[in-house]
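Participant: Taken in sequence, the protein lines are chains A and C.
Going by the numbering used here, the first residue of the first sequence is number 1, and it counts up by one from there.
Going by the numbering used here, the first residue of the second sequence is number 1, and it counts up by one from there.
Do not rely on the hints blindly, as some may be mistaken.
[Unchecked claim] Below are the DSS-like pairs computed for lysine-lysine, each with C-alpha atoms no more than 25 Å apart in a straight line:
#1 Lys103/A - Lys68/C
#2 Lys31/C - Lys103/A
#3 Lys103/A - Lys191/A
#4 Lys26/A - Lys72/C
The hints are simulated quantities; they were obtained by calculation from the structure and are not laboratory data.
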Amino acid sequence: MASTAEMKEENHWGGSSRPLGARYGKLMMWFFLLSDALTFSGFLTAYGLMRFKYEKTWPIAENVFTHFPGIEGDQPLLYVALMTFILIMSSVTMVLAVNAGEKMNRGAVTNWMLLTIIGGLIFVGSQAWEWYHFISGDSGAIETDHAEILHVYNEEGERLSFSQLVHGMENGHASNHGETFTKEEVLSALKANTTYYLQEPGKAGEKFDHVASVNFLEQGDIVQGANMTHNEYGRKQFANFFFFITGFHGFHVFSGVVINFVIFYNILLGTYERRGHYRMVEKVGLYWHFVDLVWVFVFTFFYLV
Amino acid sequence: MAEHNGTWWIWKVFWILLIVTTVEVVLGIIKPEFMLTQVAGTSILNYVFLILTIFKAAYIVQVFMHVKFENKAMKYSLYLPTLILIPYLTFILLTEGSYLFQ
Numbered sequence: 001m002a003s004t005a006e007m008k009e010e011n012h013w014g015g016s017s018r019p020l021g022a023r024y025g026k027l028m029m030w031f032f033l034l035s036d037a038l039t040f041s042g043f044l045t046a047y048g049l050m051r052f053k054y055e056k057t058w059p060i061a062e063n064v065f066t067h068f069p070g071i072e073g074d075q076p077l078l079y080v081a082l083m084t085f086i087l088i089m090s091s092v093t094m095v096l097a098v099n100a101g102e103k104m105n106r107g108a109v110t111n112w113m114l115l116t117i118i119g120g121l122i123f124v125g126s127q128a129w130e131w132y133h134f135i136s137g138d139s140g141a142i143e144t145d146h147a148e149i150l151h152v153y154n155e156e157g158e159r160l161s162f163s164q165l166v167h168g169m170e171n172g173h174a175s176n177h178g179e180t181f182t183k184e185e186v187l188s189a190l191k192a193n194t195t196y197y198l199q200e201p202g203k204a205g206e207k208f209d210h211v212a213s214v215n216f217l218e219q220g221d222i223v224q225g226a227n228m229t230h231n232e233y234g235r236k237q238f239a240n241f242f243f244f245i246t247g248f249h250g251f252h253v254f255s256g257v258v259i260n261f262v263i264f265y266n267i268l269l270g271t272y273e274r275r276g277h278y279r280m281v282e283k284v285g286l287y288w289h290f291v292d293l294v295w296v297f298v299f300t301f302f303y304l305v
Numbered sequence: 001m002a003e004h005n006g007t008w009w010i011w012k013v014f015w016i017l018l019i020v021t022t023v024e025v026v027l028g029i030i031k032p033e034f035m036l037t038q039v040a041g042t043s044i045l046n047y048v049f050l051i052l053t054i055f056k057a058a059y060i061v062q063v064f065m066h067v068k069f070e071n072k073a074m075k076y077s078l079y080l081p082t083l084i085l086i087p088y089l090t091f092i093l094l095t096e097g098s099y100l101f102q
């Protein structure tokens with residue numbers, strides 16, 4: 001026993017000891033991912049803080065992200081489920097690439113890496129589509145002079161879009177479809193329909209009677225779409241966190257695609273074949289799985305909970 | 001590195017992730033009535049989502065990121081900081097958040 005301990009002691013001084021059993025590059029990638037995980041958890045918990053603060057009127061994600069390409073009407077969660085599937089799929093092709101790399105199978109690594117890059121590009125594109133719809137808006141809302149957001153409802157408690165309010169229930173669409181309205185149009189339509197009222201968004205938003213509603217609109221203004229200062233879906237913090245967290249994640253995906261492409265190019269050039277191992281694929285693989293891991297949490301905390 | 005034969009273990013994790021995500025989406029769309037009971041600040045449904053999320057995350061980290069096959073020192077140096085710091089931060093911020101209006 002003593003002799004083996006001495007042997008180990010000698011090995012330490014020789015520089016060959018690897019207490020964590022991982023190579024330098026992989027270890028550094030892990031350190032980066034660890035710090036990045038803490039960064040993302042900081043963002044997501046900050047989101048949680050705001051959400052718990054404004055619990056009653058925080059927008060419900062399934063009323064915000066309701067579009068699906070080519071389908072009219074409310075499709076909550078479907079689109080983001082598709083995005084999740086694409087990212088999981090591209091994570092799987094990445095493991096397959098790493099696996100093929102360990103077996104020095106250049107053809108298979110090339111194909112799987114290419115599929116991973118394509119998956120990443122589709123994901124970034126889907127996110128752009130989601131952002132476009134979030135920014136251009138859906139039903140429209142009234143913003144009071146105290147920056148509170150209110151939505152229009154009819155006597156049956158159905159949420160109305162500006163299109164339905166101004167053009168009437170028969171002629172209007174459940175979504176404004178990019179049509180812009182003026183405050184005067186919305187105000188006169190709201191005045192004309194005395195059974196319509198305004199309500200705050202969220203789980204326990206307050207209702208206001210018709211007189212108060214008209215008064216709110218007279219003092220306030222209308223909002224269509226969402227940006228960093230005005231957000232028709234509810235609290236502007238919701239839009240801020242949406243842009244920041246999904247944007248930061250999307251930027252990670254984008255960087256991942258770029259890094260994957262560099263590695264893919266090197267595979268084509270035969271760099272790793274000459275080097276004798278595909279450890280670079282393993283390292284970018286870690287990064288790519290991390291991006292998928294973060295999305296699992298973003299999906300839960302932004303869209304499900 | 002891991003000793004694996006073939007690629008079945010990758011596809012196994014793929015199916016697990018796919019099925020769990022599908023369950024989450026279905027629960028998110030139908031929102032079963034009995035799961036909306038409030039327990040300790042939020043609904044049972046949200047606890048289910050949280051557990052399923054951690055379940056998925058564990059599979060991604062353990063298998064896709066190969067942590068299952070690392071040595072003990074490596075596992076501890078990755079798990080301890082995240083599993084101590086993140087729940088701690090979450091607990092403090094969510095508790096503070098619910099007091100901000102009082």
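Participant: Each of the hints needs a verdict: does it hold here or not?
Facilitator: Checked hints:
1. For the proposed pair Lys103/A and Lys68/C, the alpha carbon gap of about 20 Å is at most 25 Å, so the pair holds.
2. The suggested pairing of Lys31/C with Lys103/A is violated, with an alpha-carbon distance near 46 Å, which exceeds 25 Å.
3. Our distance criterion of 25 Å between C-alpha atoms is broken by Lys103/A and Lys191/A, whose separation comes to about 73 Å.
4. Restraint check for Lys26/A and Lys72/C: the C-alpha separation of about 16 Å stays at or below 25 Å, so the hint holds.
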